[in-house]
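Undergrad: Sequence:
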Amino acid sequence: MPRVPLACLALLTAVFAVAPRAGVQPPASAALPETLRETGLYADWDARRVDGRHLAFSPQYPLWTDGAEKSRWLSLPPGTWIDASDPDAWEFPVGTRVWKEFRFHGQPAETRMIERTAEGWRYASYAWRPDGTATLVPARGILNSVEIRDGVRHAIPSRTDCAACHEAGPSRLLGVSALQLSSDRDPLAPHAERVPDGGVTLDDLLARGLVRNLPASLRQRAPRIDAPSPLARAALGYLHGNCGMCHTGAGEMASLGFVLHHALAGQAGVLPPAMATTLDQPSHFRSAAHPDVDVRIAPGQPDASMLIARMSSRHPVLQMPPLGSRLVDEEAVTLLRRWVAEETSPLRHTRAR
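Under my numbering, think of the first position of the sequence shown as 121, with each following residue one higher.
Source of the hints: derived by calculation from the structure; they are not laboratory data. Treat the hints loosely; a few may be bogus.
Below 20 Å or equal to it, Euclidean Cα-Cα: the simulated EDC-like pairs (lysine to aspartate or glutamate) are [claimed, not checked]: (1) Lys190 <-> Asp171; (2) Lys220 <-> Glu154; (3) Lys220 <-> Glu372; (4) Lys190 <-> Asp317; (5) Lys220 <-> Asp166; (6) Lys220 <-> Glu158; (7) Lys220 <-> Asp281; (8) Lys220 <-> Asp164; (9) Lys190 <-> Asp306; (10) Lys220 <-> Asp270; (11) Lys190 <-> Glu267; (12) Lys220 <-> Glu189; (13) Lys220 <-> Glu313.
The whole structure should be built from the sequences, with the hints applied where relevant.
TA: This is the structure:
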């Protein structure tokens, strides 16, 4: 599990009421708004009332950010829709925006915005101030923002770090997908969130015509991870939501043969890639702290599994994921250790019925 390669950024609003298509060239991007107030998230800034046209949502396998509470909103330009022909790589129209608010101790710390422009995608973070304003964070990010606990402070990522995660996999919007928004939500998912009041699921987006061309099989049966057991489903879902954006089996990391992304297309009846590419598979990473650990997952042995060792550490060289977290996700590690100990021995590698 090497460090994630870094990438880049970009933005704008759409002028055509259609799904994205070749040849459409809206005006060039404007500068990033200097304040969160200017981004259009709120209909009434003083009352902190979010514009009712934005769609609240919550992914069923949320990304761990040191225990932060989060709220998320999706905005599509009027008359546009998401092309879900590839259920694992939705195509979003120009002008799509997503905001995500992070809160610690009940207080907002930052709000991130991602926007699709004619040139691509761009990323912005807005840091909340004690006076109630939220201003654009410099491109380099903020290394030590608000305190989380015991002197540990939240890091607001650089725009390059945002791109490193969002541009490594098949989709730029990591929490907006058929699997993440499925109405068949995983009750064992670590840090599971309920659908927010007035929020949307995949079914809602389909009913409104905001998602189109989803394969018929996924319209007839809500998307879910086809795993050998409920525990395995939750473990694989966590790895998908927290590691799968980089470990896709494609791109710069393809040579690792290490796939934690759970694709909905073409996976029926086969062992999930997150099991096939980890169980008893050699680790390309070696650690002086764990000299005898040389496989990604040692069946039945969490203490001999490099995946567990790296997720249990926040040493800057050892930790995984390498970005976005300064505290170990103890709930997830406990679940993964249990899964490895109880359900990964060779005799348990059977398909769910």
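Undergrad: Can the restraint linking Lys220 and Asp270 be considered satisfied, given a maximum Cα separation of 20 Å?
TA: violated, 25 Å
Undergrad: For the pair supplied as a hint, Lys190 and Asp317, confirm whether the alpha-carbon distance does not exceed 20 Å.
TA: Judged against 20 Å, a Cα distance of about 14 Å means the pair holds.
Undergrad: Holds or violated: are the alpha carbons of Lys220 and Glu372 at most 20 Å from each other?
TA: Outside the cut-off at roughly 28 Å; violated.
Undergrad: Just to be careful, I want the Cα atoms of Lys220 and Glu313 compared with a cutoff of 20 Å; is the pair within it?
TA: holds, 14 Å
Undergrad: Going straight from one Cα to the other, do Lys190 and Glu267 come out at no more than 20 Å?
TA: Within the cut-off at roughly 16 Å; holds.
Undergrad: Take the C-alpha atoms of Lys220 and Asp281, compute the straight-line distance between them, and say whether it is at most 20 Å.
TA: With Cα atoms ~16 Å apart, Lys220 and Asp281 stay inside 20 Å; holds.
Undergrad: Is the straight-line distance between the alpha-carbon of Lys220 and that of Glu158 20 Å or less?
TA: holds, 15 Å
Undergrad: Is Lys190 close enough to Asp171, meaning Cα to Cα at most 20 Å?
TA: holds, 17 Å
Undergrad: Would you check the hint for Lys220 and Glu154, treating anything up to 20 Å between C-alpha atoms as holding?
TA: Distance of about 17 Å is within 20 Å: holds.
Undergrad: Would you check the hint for Lys220 and Asp166, treating anything up to 20 Å between C-alpha atoms as holding?
TA: holds, 19 Å
Undergrad: Verify the proposed pairing of Lys220 with Asp164, using a straight-line Cα cut of 20 Å.
TA: Holds - the C-alpha atoms of Asp164 and Lys220 are around 18 Å apart, at most 20 Å.
Undergrad: Between the alpha carbons of Lys220 and Glu189, is the straight-line distance 20 Å or under?
TA: With Cα atoms ~10 Å apart, Lys220 and Glu189 stay inside 20 Å; holds.
Hint compliance for this structure: hints 3, 10 are broken, all remaining hints hold.
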